[in-house]
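Trainee: Please work from the sequences and hints to get the whole structure.
Chains as they are written, first to last, in the numbering used here: chain D, 1 to 609; chain A, 610 to 741.
No lab work stands behind these hints, which were simulated from the structure alone.
Heads up, a few of these hints could be off.
Unchecked claim - DMTMM-like mimics (lysine to aspartate or glutamate), calculated; alpha carbons at most 25 Å apart, straight line:
#: 1; chain 1: D; residue 1: 589; chain 2: D; residue 2: 493
#: 2; chain 1: D; residue 1: 473; chain 2: D; residue 2: 493
#: 3; chain 1: D; residue 1: 390; chain 2: A; residue 2: 708
#: 4; chain 1: D; residue 1: 438; chain 2: A; residue 2: 685
#: 5; chain 1: D; residue 1: 371; chain 2: D; residue 2: 386
#: 6; chain 1: A; residue 1: 626; chain 2: D; residue 2: 434
#: 7; chain 1: D; residue 1: 461; chain 2: D; residue 2: 493
#: 8; chain 1: A; residue 1: 634; chain 2: D; residue 2: 420
#: 9; chain 1: A; residue 1: 655; chain 2: D; residue 2: 550
#: 10; chain 1: A; residue 1: 642; chain 2: A; residue 2: 684
#: 11; chain 1: D; residue 1: 324; chain 2: D; residue 2: 344
#: 12; chain 1: D; residue 1: 557; chain 2: A; residue 2: 710
#: 13; chain 1: A; residue 1: 626; chain 2: D; residue 2: 420
#: 14; chain 1: A; residue 1: 626; chain 2: D; residue 2: 550
#: 15; chain 1: D; residue 1: 438; chain 2: D; residue 2: 448
#: 16; chain 1: A; residue 1: 622; chain 2: D; residue 2: 423
#: 17; chain 1: D; residue 1: 438; chain 2: A; residue 2: 653
#: 18; chain 1: A; residue 1: 626; chain 2: D; residue 2: 423
#: 19; chain 1: A; residue 1: 634; chain 2: D; residue 2: 421
#: 20; chain 1: A; residue 1: 614; chain 2: D; residue 2: 414
#: 21; chain 1: D; residue 1: 557; chain 2: D; residue 2: 505
#: 22; chain 1: A; residue 1: 731; chain 2: A; residue 2: 640
#: 23; chain 1: A; residue 1: 634; chain 2: D; residue 2: 423
#: 24; chain 1: D; residue 1: 324; chain 2: D; residue 2: 310
#: 25; chain 1: D; residue 1: 517; chain 2: A; residue 2: 678
#: 26; chain 1: A; residue 1: 613; chain 2: A; residue 2: 705
Note that the structure is a prediction, hence the values are computed from the model and not measured.
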Amino acid sequence: MKNKLKLYFKAAQSAKIGIWEVNLETNQVYWDAVTRCIHEVSDDFIPNIGNAIVFYTEGENRNKIRSLVEKAITEGIPFNEKFQIITAKNNIRYIESIGQIVFKNGKPSQLLGTFQDITKEQNLMNELQLSVEKFSSIFSSANDAIFIIDSSNGVITDCNTRSSELTGYNSSELIGLHNSELFPIKQQKEIKIFLAKHLTKDDYIVNETYLKTKSGVIIPVEVASGKKFQVNHQTYLVCFFRDITERKIVEEKMGMLSLAASETADTIVIANPQGKAVWANNAYLKLTGFSIEEILGEKPGHLAIGPETDLLTLNKMRKAILDKKSIKVTILNYNKRKEKYWFELNISPVFDSQGNCINFVGVGRNVTSRKEKELELKRLLEVTNDQNNKLFNFAHIVSHNIRSHTSNLSMVIDVMENTEDTDEKLSYFDLLKEGTEKLSETIEYLNEIITIQENTNIEKKKIRLKDEIEKTKRALSLSIKESQIRITHTIPEDLIVSAIPAYLDSILLNLFTNVIKYRSPERKALLEIGYEINEFYTIITFKDNGLGLDLAKNGHKIFGMYKTFHGNEDAKGIGLFITKNQLEAMGGKIEVESELGRGSVFKIYLNEK
Amino acid sequence: MKNKKTYIIDDDKISVKLMSLLISKNEFSEEIKSFFNAQSALDELKKNCSNIENLPDAILLDLNMPVMDGWQFLDEFIHIPMVKDISVFIVTSSIDPVDIEMSKKYNIKGYIMKPITAEKLKFMTNLIGVIH
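Mentor: Quick look at the structure:
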């Protein structure tokens, strides 16, 4: 018996199964080398009932061993349980302990047991448990419907909760159903091919298809292949189905929007926050003549600038883009072939939820025909206005100037009629004569004006301006000498202007005469003649230091007929009126700047066309 | 004669001469003072603004005049603190509706179109001194 036991102990030791015993009479505890090793105790450790139990992790674990040992001793019930212990070196281990009572003379004398380290097995078990939990958690709570299909017959063998929600079938209906039942007839072939591919290849594949619910509703879905697995030589396919109704709606909307954007007759350009194009629609490419490659990365406005593009409008656009503000402009643009077109453009910045500018959207259209009509209308309006002003002026002249003479004549006749005295009658004769002369003088001026206005078509000639100025100076040499006026000019030899010679004569004579006539008695009279040339006109300036006039008060009258401002006896108030008419007849104009007591600057604009 | 003194303000010398003739013939006023420009008339009025004796009863004002026209005269005239109610008549050859419309903005006794006649002077006489 003793030998047999020894043999058993040896066998146990080689199987790394520890042996322990408690002598119930002496309460002595014995651990063999394996048991000691599992507990990681030192060689001099002497186990007893008190310190042995401390290795068991506190709580339920420790209470269990305590009660099992108690039951074994008092009632003789053997035990076989797994426990967690903390070794002397503080390692957590899982052990299996088996205990049995040995009776001696009908009385329990010994508690004998084995002790085995099962930490590795336990850890594996734990991991497995975790995996199962993880998997079922994913399986059941996934947002995608998951089907497990038996590849041999296409029957659904398992599915998750979401599957029921998606298809309208409950899970018991789904399990055992052939997968094709879930698809409209049109899609069945497609899904068959998908599953076949899934079976043969290991690639992850995603397809878009349609699913038919129990109630017959067709739902757009995305189907994805999951990892297939084998059980008992049978391959199971895992398929994920995702409802993409929302996405489809958004896609459809986006599709329509993008169709509208790309096909509309209005031009659309999308630019980045720096104003560089990132997209342009067909209408834009057609209008500008550029290809999409030529547009991308460029500032669209830059490509469209030409010689007549308004810089002010361009600057306004630049500023709006810099300030991330929206703007509406109408601007003259040039296409790739450098042809002009009028472009009406709305630029709007697009902001993200944080208020950062992410894009600019420029929507525009070709408004050339409208703009041309507008310009033509404007030109016509100007002509009409001009004609109207002339008519108005005439009405004014007739009303004021001719009537003043005729009413004088009426009054003379009235007093003549109402006197009996022949001598007195004769004395009014001079008044009658004077009035008649004034009337015919006015009519002569009027005729002159009408002639000027009718002569807008007289051919202009090229005239050397300097010669004309010298000629005028010679003609007025006596007055110039008398007034001691100093006349200087910066007109170069080769400055040629186009004008009707007689008019230019008259204009220069008039302006010179005015300067002499209205010189200031307080200073030496000066006249400086200068010139400048711009795109449309040659401008000749006459700057004097004469009396000047208050333009705020009299500016509206200065070029009118019979307007004089200084009370000069010989002021007829006709000169500037004629000058203005002559210039206008030549397509030019006259402007004045003046300050009372300081002098005036008259600018005559000669149109070179 | 309730109208003792009349100012004529008109740059047209013939017109002034003829109006003066008609005024004396029709006994419109005892005394006539003529100004060929509005500024000198204005200066005279300013000088005498507190002296009833020297102020006129009526002013016949032309519109179309150099330097200062009739409107500019009226603009300044209303600012003179006058001790006498002077009847101002615009007497002009202008038949321009713009002028007639403009005259309604001023506190004047009447807008009289030249030529002056006996009937018109009689009509004016009736208006002098009438407060409206």
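Trainee: Taking the earlier hints as the rules, which of them does this structure contradict?
Mentor: Checked against the structure, the hints that fail are numbers 4, 14, 17, 26, while the rest are satisfied.
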